[in-house]
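Participant: Sequence:
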Amino acid sequence: MKKILLVEDEAHVVSFIKKGLSEEGFEVSVAFDGKTGLQLALENNFDIIILDIMLPEMNGLEVCKNIRLRNQIVPILFLTALGTSENIVLGLENGADDYLVKPFKFIELIARIKTLLRRTTRMTNSNKDNSNNQENLFTFNDLKINDYTKTVTLANEEVSLTTTEYKLLLFFLKNKNKVLSRMDILEAVWGVDYDLGTNVVDVYVNYLRKKVDIKPDYKIIQTVIGMGYVLREN
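In my numbering, the protein residues as written are -13 to 220.
Everything labelled a hint here was simulated from the structure, so no lab data went into it.
Any given hint could be a false lead.
Here are the computed lysine to any residue pairs in the SDA-like style, where the Cα-Cα straight-line distance is at most 25 Å [claimed, not checked]:
| id | residue 1 | residue 2 |
| --- | --- | --- |
| 1 | K201 | T125 |
| 2 | K136 | R104 |
| 3 | K5 | V16 |
| 4 | K88 | S71 |
| 5 | K197 | E72 |
| 6 | K153 | I59 |
| 7 | K4 | A67 |
| 8 | K197 | E143 |
| 9 | K197 | I211 |
| 10 | K197 | E219 |
| 11 | K197 | L166 |
| 12 | K(-12) | S8 |
| 13 | K136 | L166 |
| 14 | K162 | A141 |
| 15 | K51 | D33 |
| 16 | K197 | T125 |
My request is simple: use the sequences and hints to build the entire structure.
Facilitator: Have a look at this one:
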């Protein structure tokens, strides 16, 4: 039975979600404030964490950020009424894997949960391979990724990336010299089509460029006008 931590302060929302998830075969633990939610998340092994942002004691963004300092693997899904593009980008930037806006359809919540669990299973299985296995190593000029240790180096210097930036860079390296549309990137990096009508991909590409595109005269992550982006050698 998969274990889910739900951090939500509205009792009627908790009742609705807990009942539905229990009927789907999940074991659900509940915290009604951010501080308690963080404590439960750090002291227990959950298969997925569902977080509201507007919480008493500690907001969901801080909870997510603190969980990520200790656990890079557990999937975190924000479930919140804050649905602007800026809120979604901020949530993902703080380490969340997915973002669902209230009001929501329960069937969509279940679909998001199952997608995150499948992704985590694939990641766990791949990490059983030897860390020096060439399948886990990706290089591009002076840029290197070890997908076993989740480390990135540029000219032998380690680069600190957020979870989403790491996924984006890895996707580029796996598809170097291939033009990738924004929809390709959304589906591969975030796992779902957010249908944001926003520039979330552009925002993250810019974040990434600031960390790995250090040569002023040549950018390895190039914009292809009207089509998307490409990681291309000089």
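Participant: Give a verdict on every hint.
Facilitator: Here is what the structure says about each hint:
no.: 1; hint: K201 with T125; in the structure: holds, 17 Å
no.: 2; hint: K136 with R104; in the structure: holds, 19 Å
no.: 3; hint: K5 with V16; in the structure: holds, 12 Å
no.: 4; hint: K88 with S71; in the structure: holds, 14 Å
no.: 5; hint: K197 with E72; in the structure: holds, 21 Å
no.: 6; hint: K153 with I59; in the structure: holds, 13 Å
no.: 7; hint: K4 with A67; in the structure: holds, 18 Å
no.: 8; hint: K197 with E143; in the structure: holds, 11 Å
no.: 9; hint: K197 with I211; in the structure: holds, 22 Å
no.: 10; hint: K197 with E219; in the structure: holds, 17 Å
no.: 11; hint: K197 with L166; in the structure: holds, 20 Å
no.: 12; hint: K(-12) with S8; in the structure: holds, 10 Å
no.: 13; hint: K136 with L166; in the structure: holds, 23 Å
no.: 14; hint: K162 with A141; in the structure: holds, 18 Å
no.: 15; hint: K51 with D33; in the structure: holds, 17 Å
no.: 16; hint: K197 with T125; in the structure: holds, 16 Å
Checked against the numbered hints given earlier, the structure satisfies every one of them.
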